[in-house]
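Given these sequences and hints, build the entire structure.
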Amino acid sequence: MNCYEHVFITKGDLSERQSQKVLEKYSDIINSNSGKMIKTEKWGLRNFTYKINNLRKGFYFHLKFEGVAKTIKELERTENIDETLIRFLTVKVKKHDLETNYFDNKKEIDKK
Amino acid sequence: MKRKKNIKKKGSSFSKLSLFQKSGAKFFKPCPFSEKNAPVIDYKNIKLLKKYLSDSGRILPSRITSVSQKKQRELSQAIKRARLISLI
Chain U
2 MNCYEHVFIT KGDLSERQSQ KVLEKYSDII NSNSGKMIKT EKWGLRNFTY
52 KINNLRKGFY FHLKFEGVAK TIKELERTEN IDETLIRFLT VKVKKHDLET
102 NYFDNKKEID KK
Chain G
1215 MKRKKNIKKK GSSFSKLSLF QKSGAKFFKP CPFSEKNAPV IDYKNIKLLK
1265 KYLSDSGRIL PSRITSVSQK KQRELSQAIK RARLISLI
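Chains U and G are the protein sequences, given in the same order. In terms of the numbering used here, the first sequence opens at residue 2 and continues consecutively. In terms of the numbering used here, the second sequence opens at residue 1215 and continues consecutively.
Among the hints, erroneous ones may be present.
What the hints assert, rightly or not - From the derived model, a few chain U residues whose C-beta atoms are all more than 12 Å from chain G: (1) Gly13; (2) Glu67; (3) Val69; (4) Arg88.
Unchecked claim - Derived DSS-like pairs (lysine-lysine); straight-line CA-CA distance at most 25 Å: (5) U:Lys43 with U:Lys93; (6) U:Lys93 with U:Lys65; (7) G:Lys1285 with U:Lys58; (8) U:Lys71 with U:Lys96; (9) U:Lys58 with G:Lys1261; (10) U:Lys58 with U:Lys43; (11) U:Lys52 with G:Lys1294; (12) G:Lys1294 with U:Lys12; (13) U:Lys52 with G:Lys1250; (14) U:Lys58 with G:Lys1264; (15) G:Lys1294 with G:Lys1284; (16) U:Lys74 with U:Lys93; (17) U:Lys43 with U:Lys12; (18) U:Lys71 with U:Lys26; (19) U:Lys95 with G:Lys1243; (20) G:Lys1294 with U:Lys43.
Honestly, the hints are just simulated from the structure, not real lab data. Remember, predicted model here, so these are calculated numbers, not experimental data. Idealized CB from N, CA, C, for every residue including glycine.
Structure follows, in structure tokens:
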């Protein structure tokens, strides 16, 4: 099992319920393809630094999970089909960092 | 001396130069990522990455920021990841 981090961006602003639905959909895909969900984060609506598909804003999600090659393949395949998704990024990490959340507005973490 | 001249010439295009090297100070500066309690390079840490970008968003050369070769590779990888998801 390898550790992965995953970020994906969806179109427009989502309500609490809608965003929960999206998260559930993708955690189900991971869990049903010999993967294991560890943590999910919602970074919320953010402005892009440059326009993507003529859009200026997007809703960011962040997933931390363990899995194998098959998990990633299936996840990225469904994401390619999904039209509400704008972009995604998968990064392999050695160890999950579960403490720091750089996008938590409530408590500002001052990391040098 | 040779090096100093070089930097002075390009000083205009790298306006962040003064952040990293003061004129008249000691020339050698250790790598900011190789010290004890150094920050971890991560594509999510936008605040950190922005320190190593010029005003127009280009990656600053390690000759100016004195980041070690190994850490510079990590840094540029992290910056490119952050660019992909439009964080910086």
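To see whether the hints hold, each was checked on the structure:
1. Gly13: holds, 15 Å
2. Glu67: Holds: least Cβ distance 19 Å, greater than 12 Å.
3. Val69: At roughly 22 Å from the nearest Cβ of chain G, Val69 of chain U sits farther out than 12 Å, so the non-interface label holds.
4. Arg88: violated, 6 Å
5. U:Lys43 with U:Lys93: holds, 20 Å
6. U:Lys93 with U:Lys65: The hint holds at about 10 Å.
7. G:Lys1285 with U:Lys58: violated, 32 Å
8. U:Lys71 with U:Lys96: holds, 20 Å
9. U:Lys58 with G:Lys1261: holds, 20 Å
10. U:Lys58 with U:Lys43: Roughly 15 Å between the alpha carbons, so the hint for Lys58 of chain U and Lys43 of chain U holds.
11. U:Lys52 with G:Lys1294: Status holds; Cα separation ~17 Å.
12. G:Lys1294 with U:Lys12: holds, 22 Å
13. U:Lys52 with G:Lys1250: violated, 39 Å
14. U:Lys58 with G:Lys1264: holds, 20 Å
15. G:Lys1294 with G:Lys1284: holds, 16 Å
16. U:Lys74 with U:Lys93: Judged against 25 Å, a Cα distance of about 14 Å means the pair holds.
17. U:Lys43 with U:Lys12: Given pair Lys43 of chain U, Lys12 of chain U holds - Cα atoms ~14 Å apart, limit 25 Å.
18. U:Lys71 with U:Lys26: holds, 17 Å
19. U:Lys95 with G:Lys1243: violated, 30 Å
20. G:Lys1294 with U:Lys43: Distance of about 22 Å is within 25 Å: holds.
Of the numbered hints listed earlier, those contradicted by the structure are 4, 7, 13, 19.
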